[in-house]
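Protein chains: 2
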Amino acid sequence: MSYPPLAELAARVERFQEVLKSRGMDGALLLQGADLVYFCGTTQSAHLYVPARGRALFMIRRSKERVDPTLVPAEVVPLRRPEEIPGLLADRGLAMPEVLGMELDVLPVNLFRRYEKIFPGQIVDCSLQIRELRAVKSAYEIGLLKESAAMMDGVFARIPEMLREGICELELAARVEAAARCAGHMGLIRVRGFNQEFFWGCLLAGPSGGVPSYFDSPLGGPGFTPAFPFGVGKHSIAPGDPVMVDYVGVANGYQVDMTRVFALGYLPGDLLKAHEVAVSIQNALVAAARPGVTGGELYELALTMAAGAGLAEHFMGYGDRVRFVGHGIGLELNELPVLARGVKEKLQAGMVMAVEPKFIFPDRGAVGIENTFVVGERGLERLTSYPDEVVIV
Amino acid sequence: MSYPPLAELAARVERFQEVLKSRGMDGALLLQGADLVYFCGTTQSAHLYVPARGRALFMIRRSKERVDPTLVPAEVVPLRRPEEIPGLLADRGLAMPEVLGMELDVLPVNLFRRYEKIFPGQIVDCSLQIRELRAVKSAYEIGLLKESAAMMDGVFARIPEMLREGICELELAARVEAAARCAGHMGLIRVRGFNQEFFWGCLLAGPSGGVPSYFDSPLGGPGFTPAFPFGVGKHSIAPGDPVMVDYVGVANGYQVDMTRVFALGYLPGDLLKAHEVAVSIQNALVAAARPGVTGGELYELALTMAAGAGLAEHFMGYGDRVRFVGHGIGLELNELPVLARGVKEKLQAGMVMAVEPKFIFPDRGAVGIENTFVVGERGLERLTSYPDEVVIV
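Taken in order, these protein sequences are the chains called L and V. Position one of the first sequence corresponds to residue 1 (the UniProt record's numbering), numbered consecutively onward. Position one of the second sequence corresponds to residue 1 (the UniProt record's numbering), numbered consecutively onward.
Any given hint could turn out to be false.
The list cannot tell twin chains apart, which means a pair is met if one copy fits it or any two copies do.
[Stated by the list, open to error] Dumping the calculated DSS-like pairs for lysine-lysine here, alpha-carbon to alpha-carbon at most 25 Å:
no., residue 1, residue 2
1, 346, 21
2, 234, 64
3, 117, 21
4, 146, 234
Derived by calculation from the structure, the hints in this document are not laboratory data.
From just these sequences and the hints, can you work out the full model?
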């Protein structure tokens, strides 16, 4: 139950204050769980007010008694209703913001209208600024990511012993998930945005891996009820089925995303070959992804290699393919940067991302690889380390 | 993977159309996963337009190929971008709505502004109307709830064999969760609203059960990382610890919520007594909760009984207590009705709710009961059936 160092948290708040000043915001009022964890080390039912200048204010409805004020880079005060915020600011000599940043990418309209009454100035979106700050990880954060990666490497190492002929996808998933949970998986996967319904990942064997996803992902699985048509189904695993295990692991708030392919007995030669192409695409991206390169360039490199191997139409989906090959990851699953068609933003050292070249074969399944990496000066540095090859059991 | 009957889905859409007419809305545009499941039987990346009069339109970005149009009470069409919606309406002779309902309780501001440009008329909130419709379950829905309840009864029946001295809370939780997953738990728990970070429930032993929750719940658990201070901790379970197992089960989209208390060897007499009071409160509510009774009356009845037993200050929290004793449940965990202080809405037959009288003892733990019920003409009819008594192992 270790808490982030206060200096680390304070530095994050200071960097955000610089951004607020440069963007003409007088302050920001943050509510979202992941953002509170980023700036305060924990989440509660709370508001964090960060003035462009001055000390931040962590206003907690519940549970104030669960927050140690000496660990937080803000004054910690109780708050019953957001309507009390102007009074709390005035008591501290903080002016009411004329331009207030809020997380308008996630804040619902009905709630927003309540804040509009409380803050008569202009309310603008500050979510992109927060996401950009959060994209570049500190050494401390990379240490936490390594903990989550080690946890998941250990879980994946146990999958071969769990796999046997005739086991149902769902039962295998239950075993993998139980191993992850015992190893300290915190359960919750944070995905930023509206309607982001997600559960841990996918374990997809044979034809389940060929089912198109309903969200922007190369694969999503059939699920086993139309009420949640995502993830693991109930296919009985047979020899020769590619068993794609794509899970998000999180021990301490920081997520890693990884995918491996297992098979009973054998895997058909063309699928094995496609898997090798995916690994070679990954390795090319590892070398090419340096500070200054854009996410768009990396996507095109990956697509060109897939096409060179004659696999373009299977790359990142089949039919309705997605146009990305990697995504930032950290406190949330869908962070910046994105390695996608047309992305002009340049990579920076310290960014963390999952790279996931995959090939989808309708009715047969999916192969490919996914690891989580840090952008270093000489390319990507790997966090998840379980071997990339198909594991034949 | 059974799909709801078309007549069932069509009746839901028709009831919603009646509500739209009565509220002066010309149509509603729905995006949220649970609402799409309710009206269309499944969720995709999609928009459902329900005109007050005429045939609904299910516009799917992905994956249209995963939806069988003969199963859905709407015309199914592809949609790349929401800006195409006016054209799709015009093609079908549907007028652009002057007053359009949307789910403004969950729709984020940035997305809303995009829809404001597409729909120049007035956009109003229709979420309460949908939640009111969804609160009263059909016989078909109650059948699905019974499936989820039977699944969770089976999981709880296996807990005694899993409990042993010294087992860590987290390891026990992993076993319970794996059993639930194998039994067909679909993984995702839907909780309506912004920032509703939740994972399956809580398994809280001894002092973990006494930790105040950061959300509006009698107990929430410590978690084991400040990044997600919720749920199971790592307490080693000792004889005499109340082991409160509070899980949400969902096999087919429909959730049940249930809580039981287990203990190794014994439970201190005052905690056993408090548990019996909780069960007697539940049983009083079962008899009292009939159509026409309000949620507020039921809460006051429960509080009065707790106070009569000298346990008011432990009821539904300690210190920062919550003022409810039950909540609607179905496709989402926080449905209507709410059995809470001041609630004036009257129960209706067919409403489904979790009733959860609990007592919290700081540093010692929590006892109490939770079951999921349907409101019947003569009181509550029970869905979850595992025995209510403390299980001593």
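Cross-check of the supplied hints:
no., hint, in the structure
1, 346 x 21, "within (23 Å within a copy, 51 Å between copies)"
2, 234 x 64, "between (44 Å within a copy, 22 Å between copies)"
3, 117 x 21, "within (24 Å within a copy, 30 Å between copies)"
4, 146 x 234, "between (32 Å within a copy, 21 Å between copies)"
The earlier numbered hints are all upheld by this structure, with none contradicted.
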